[in-house]
Amino acid sequence: MRLQPLLQTVLWAVLLSSPLRGGCGLRLAVYWNSSNPRLLRGDAVVELGFKDYLDIICPHYESPGPPEGPETFALYVVDWAGYKACRAEGPGAFKRWECSHPFAPFGPVRFPEKIQRFTPFSLGMEFLPGETYYYICE
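Positions -25 to -1, 1 to 113 (mature numbering (1 follows the signal peptide of the UniProt record, and there is no 0)) are the ones given, in order, by the sequence shown.
Read the hints as simulated data drawn from the structure, not as lab findings. For clarity, every value in this text was computed on a predicted model and none was experimentally measured. We put the beta carbon where it would ideally sit given N, CA and C, even for glycine. If a hint is listed, it holds; no wrong ones were tucked in.
What follows is a set of in silico ranges between Cβ atoms, one per label pair, in the way DEER data are often shown:
no.	residue 1	residue 2	range
1	67	39	31 to 41 Å
2	60	20	10 to 20 Å
3	101	40	33 to 43 Å
4	42	-1	34 to 44 Å
5	93	1	18 to 28 Å
6	38	6	18 to 28 Å
7	36	15	17 to 27 Å
8	65	38	37 to 47 Å
9	1	94	16 to 26 Å
10	20	101	13 to 23 Å
11	40	4	14 to 24 Å
12	42	97	32 to 42 Å
13	42	92	43 to 53 Å
Construct all of the structure, not just a fragment, from the sequences and the given hints.
Structural data, given as structure tokens:
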């Protein structure tokens, strides 16, 4: 497990509620691994609106994988303090996904996050207009 390059990796998303956005949502894919230069700089910002999707794509390897071992980690949603400290602690922190299958047989594991105010799914996340959401990994 190679966590060092990703410990300081932070992605934050700003939720926009612009009435000028069309009916179809955007779909943005983020490859969450140490080869993504946007994540290594620590300044990855995505602006999303309702009906948009954020796809987190986990590291994937063909056998035998890299000599230093595969990247595996958990992604957390945290508040501002957790983002600044890069720690998954505090009242608003919770584990959102776990990238723990780097050798998945049918390709990389993908976690789609639909940006919506209300969700019918028990594991879905509900977003508030104008709020900022922070994702980190450990």
